[in-house]
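What follows is the residue order along each chain.
Protein chains: 4
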Amino acid sequence: MIIVMQKRAAEEQVNRVFERIKALGYKPHPIYGVERTVIGAIGDERGKVRLQSLESMPGVEKVVPILQPFKLAGRELKKDPTIIEVEDVRIGGDRFVVIAGPCSVENREQILQTAAAVKKAGAKLLRGGAFKPRTSPYSFQGLQEEGLHLLAQAREETGLPVVTEVLAPEDVPLVAQYADILQIGARNMMNFVLLKRVGHIDKPVLLKRGMMATVKELLMSAEYIISEGNQQVILCERGIRTFEEYTRNTLDLSAVPMLKQLSHLPVIVDPSHGCGVRSLVAPMAKAAVAAGADGLMIEVHPHPQDAYSDGPQSLPPDEFERLMHQLKGYVTLEGRHL
Amino acid sequence: MIIVMQKRAAEEQVNRVFERIKALGYKPHPIYGVERTVIGAIGDERGKVRLQSLESMPGVEKVVPILQPFKLAGRELKKDPTIIEVEDVRIGGDRFVVIAGPCSVENREQILQTAAAVKKAGAKLLRGGAFKPRTSPYSFQGLQEEGLHLLAQAREETGLPVVTEVLAPEDVPLVAQYADILQIGARNMMNFVLLKRVGHIDKPVLLKRGMMATVKELLMSAEYIISEGNQQVILCERGIRTFEEYTRNTLDLSAVPMLKQLSHLPVIVDPSHGCGVRSLVAPMAKAAVAAGADGLMIEVHPHPQDAYSDGPQSLPPDEFERLMHQLKGYVTLEGRHL
Amino acid sequence: MIIVMQKRAAEEQVNRVFERIKALGYKPHPIYGVERTVIGAIGDERGKVRLQSLESMPGVEKVVPILQPFKLAGRELKKDPTIIEVEDVRIGGDRFVVIAGPCSVENREQILQTAAAVKKAGAKLLRGGAFKPRTSPYSFQGLQEEGLHLLAQAREETGLPVVTEVLAPEDVPLVAQYADILQIGARNMMNFVLLKRVGHIDKPVLLKRGMMATVKELLMSAEYIISEGNQQVILCERGIRTFEEYTRNTLDLSAVPMLKQLSHLPVIVDPSHGCGVRSLVAPMAKAAVAAGADGLMIEVHPHPQDAYSDGPQSLPPDEFERLMHQLKGYVTLEGRHL
Amino acid sequence: MIIVMQKRAAEEQVNRVFERIKALGYKPHPIYGVERTVIGAIGDERGKVRLQSLESMPGVEKVVPILQPFKLAGRELKKDPTIIEVEDVRIGGDRFVVIAGPCSVENREQILQTAAAVKKAGAKLLRGGAFKPRTSPYSFQGLQEEGLHLLAQAREETGLPVVTEVLAPEDVPLVAQYADILQIGARNMMNFVLLKRVGHIDKPVLLKRGMMATVKELLMSAEYIISEGNQQVILCERGIRTFEEYTRNTLDLSAVPMLKQLSHLPVIVDPSHGCGVRSLVAPMAKAAVAAGADGLMIEVHPHPQDAYSDGPQSLPPDEFERLMHQLKGYVTLEGRHL
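Residue numbers (my numbering), protein chains in the order written: chain W, 1 to 338; chain B, 1 to 338; chain V, 1 to 338; chain Z, 1 to 338.
Because the hints were derived from the structure by calculation, they are not lab data.
Just to be clear, a hint being listed does not mean it is correct.
Below, a list of computed lysine-lysine pairs in the DSBU-like style, where the Cα atoms sit at most 35 Å apart [claimed, not checked]: (1) 27/B / 62/Z; (2) 62/Z / 120/V; (3) 62/W / 196/V; (4) 79/W / 7/V; (5) 7/W / 22/V; (6) 22/W / 7/W; (7) 71/V / 7/W; (8) 328/B / 119/B; (9) 120/V / 216/W; (10) 71/Z / 22/B; (11) 22/B / 27/Z; (12) 71/W / 120/V.
Here chain W stands alone, though its shape is the one from the complex:
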């Protein structure tokens, strides 16, 4: 932490800041500048957030943090990339993984048909929502536990491991019973109770970036999960909220190389939610590969115009198959294989 004193700060004020830094267990180190004094606080980084309260002291202009607040999710302590294994699928290594399926599980036929189609096209995991977070209480809220049953059937029939979202801390054991990977949705990225709970299970967690979250905040949420003991975290960029009106969100692909530099965790991209517009899914999927992503999550529905949710951004199976074909070249260029 760097404590910046005001231009006119009295010597006595500087001294009181010194004492307070010491009282909190840090060593003050002053730099006497031309216009003002700044003070470095030296010591263990973990608790330094307490020093922020020094902003309240007379004569202090601001307190500037210097270090990254995440440790376990960061590259500094663990240099080699984390690889997450689900059955025979490896996420984060030299394979490029595609997760596909409908927004919501709607009925038996829909999910089985989709699962078969995405498997045939080359997807390695099946996605499908059973518990749906919807902004309106009058929208379809998902088939709940019945949806989990149907996902299990789809897995049995196709062999594809299943990714599905968990909304409530108390549902974690139930969902973990059915799912191979538990998804934390964008709206729950800062649901710290839920993060801690999935930190206690031994299944991988796919953590989606919140709509207004910074890269740092995403990594802090991953830190919550890891610090509870679960190191199997997959980060997912899915678009942030901007003032753009043509797209549902703005897919921030620069987060991909940034996250890969800052963290050892695998990073996947969801261009379906990220754009919200079907015709943008394919170009942005290719771009995600080129930006260095470890995988994609793509919404596929046998009949998008009948979908209970997210129809406008879902690909029909034939378009998805064409996209999988197109991706191959880009994946190869990145030194990976599908």
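Given chain W's structure and the hints, the job is docking chains B, V and Z onto it.
For chains B, V and Z alone, coordinates are given in the frame of chain W:
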């Protein structure tokens, strides 16, 4: 819903949209324009969100919703303002209510001292966090149940009803046992499981606007609570995230008159979180009164420089007392009284 | 400037940074922390922006500026508030000033009628656009020089000094011939050529905050004008772009007390553009007074439904008169008078 | 335009809206819904913006535009892509074009050395700023006309056509004398006077997206240039402002396929400004190719740590050369060649 066809949409495509609208239970009504056809879908508004999927049909350019998606939280069905009563405090009527207290309950002395001070200055409710949502797992997470006990003691000593945050759906019964008003924090505004759960209790809920939420989304979250049966919802503007760097958030005071026009629910303002800077709390508190708010929530700490959290934005008791004095004139001008 | 070295930075890398700091004329001052080294660069603040390039050096993690980049617009060098005099109107002192008029000058009758009405209601200056920046080339672009003539007539008839926008650097002399205050619009806040040009005239400049500008950037744009020699700058908050959809912009009233603390320049608020919705203008105007603004700029049109531009946010004369009445109490509470 | 009446709108209010629509030259077409009446206004799209003022009429809730406001920049009137030719370079066809060079022209040696290096690596055009828009008046403002001379020398020595920014309308003839392509910077995207001026020259214009501009606004700014007669417009995505702190801006690659779908104009990407961080330039450059861009603009400086501006985001020549190598595969996959 208005379905806008593409400029070159074939007659057959228009016909298929007609049929689909009818299949979903609505009546299509076309307008044949100079450049393109638009089709109104007439019928019950509740389920119209299903029509959004028509965007997937060939020839459709976009689907434009016409009506507000909230009903129970809106002014259209309930014209008179909702007044919420907690002991002898009334929120939403001609009284202007100030809620004050520390960010976190830290220890017995701190909370009792603050409670006594804010009561003396004229606050009608005590705030204090026992369960704290912190972006870092290494930050102080609150005293949890012990914090609830201390709040209960403070209530007993001062007679001030207590507002405190609940983070987990499963903690709702516990927190409801101690708190007079349950707070849903900004990070949980879209935690729909939690919203539904507090929709089942018979205590008022203070719902904070999410950092990136629109006014419409805030009202949809209120709709979740009310549609489960709990009509005692207080809306709270607490700042949204923008690119401004001098303030922690940007307090959106225009949300106050907008919410009062759209909804019958009381609206309060939290300038402490909204600005994150102590010197802005007083001017923005006065401005909130003038913008038509029904109350304020203000962070007060006996020694801000020692606060475990939010020190830089907390007022010491004497500054809070001065502010309460200043507010009187503005409250009177608004035809209310403190 | 504080240069933060990477955790694993080699001693040699630190040394090269030292040398580079010295080569640029500053004195390096290291702090050897537990995890990494940070280096303060001591010396004249003006040119320190050059030090930013050190981020390119091996071993450097980031370069953090410590001081405000504005000098002439800031409070540090000039403590007493700047008061701007236009005829007998004083902006920035204990008077509260209201500027009113139509978005665009449309014709003789419209501007004369509006001028008479706003004068009668208590406005001290007349606004009206002759050169209009419109997002569409097909929208009404203003009456141009004819509009300036009409404004001059309105001034002659009512005695109200006139505020009008200048769009092009080469139009500055023409506009300055007619206007008492030249307005720089939000879209031109970073039109540095235009800023420099109005820095050379001896008429006051009303500088509107850009739609995406931070408070710091607004002050830097003021700095451009003042550093060219014109110290008569009035700052104007007029709403920033957010993701809110009910309002045209989000009026950032917290910018008012923030600007008053950081700068000696007068600050006015434009709630008409800030909200874009007529029913929000009055509450936000009152709130602006309470937040400490030195004045208001309000759009008034004799027949808003016929306005060439900004009809939905313009007040008809009777509503404006009611608002002026309402404002009095708030202005008095702030220790000012209308 | 669709005029949405309020729920309780009286028949008389609906009638008055009818009359007003007719008075403005349009044909009203009502849809009587279950909850409210909506009215379509049929007629020539160009002037429909006038209908927005109907929002001021009693009983009207809102006015919703249905059509895109751009015509000449859009795909509807001109289906085939615009190809812009500069000497023997073609932008917008099956060639993928890389523009490279320093942020600012600093001196003769720097610009000649960079020009030679980027040509050798495969760049087809040279960029370099002579007039620099800087947020601080104390920052380096560019070599001005001397910079133009140096660019001309670099062109003579290397044969590379030159792209450089013009800031002031009155400088357009001077800059057009030296430059092969005139750049309009992000801060001037809504400088409509400047847009009109470059609409009168017969040299291509590279139009950068404003930091807070939507895709629609970018196309409206292109519409300004084209509607004045200059059809040679190149659109450039260069990052928008978000709340992300690790990057200078957030590069919005989804704008690329969106712009290609909406418009016939070529689209290039500037990952240097878009990210502001050197290590992100290469991955985002590759991603831009995959997203369908027609070219790239990349900052290269012989000694980034000595750069007068943008050092942290500039590539040294050897890194640029490596990037050009890497790009080849991606460009080929897109069916283009460098």
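Are the Cα positions of residue 71/W and residue 120/V separated by 35 Å at most?
Violated, at about 65 Å.
Checking one constraint from the list: CA of residue 71/V to CA of residue 7/W, max 35 Å. Satisfied?
holds, 13 Å
Quick one, are residue 22/W and residue 7/W close enough, alpha carbons at most 35 Å?
holds, 23 Å
For the pair supplied as a hint, residue 62/Z and residue 120/V, confirm whether the alpha-carbon distance does not exceed 35 Å.
holds, 32 Å
Given the hint that residue 328/B pairs with residue 119/B, test it: the Cα-Cα distance must not exceed 35 Å.
holds, 16 Å
Going straight from one Cα to the other, do residue 79/W and residue 7/V come out at no more than 35 Å?
holds, 13 Å
What's the verdict on residue 62/W and residue 196/V, does the C-alpha distance respect the 35 Å limit or exceed it?
Satisfied, since the Cα-Cα distance of roughly 32 Å is no more than 35 Å.
Straight-line alpha-carbon gap residue 7/W to residue 22/V, limit 35 Å
holds, 24 Å
Quick one, are residue 120/V and residue 216/W close enough, alpha carbons at most 35 Å?
violated, 55 Å
Next pair to validate is residue 22/B with residue 27/Z; report whether the Cα-Cα distance is within 35 Å.
holds, 27 Å
Take a quick look at whether residue 27/B and residue 62/Z sit within 35 Å of each other, Cα to Cα.
holds, 23 Å
Regarding the pair residue 71/Z and residue 22/B, is the alpha-carbon distance no greater than 35 Å?
OK: residue 71/Z and residue 22/B at ~34 Å, within 35 Å.
Consistency with the previously given hints fails for numbers 9 and 12, ordered from lowest to highest.
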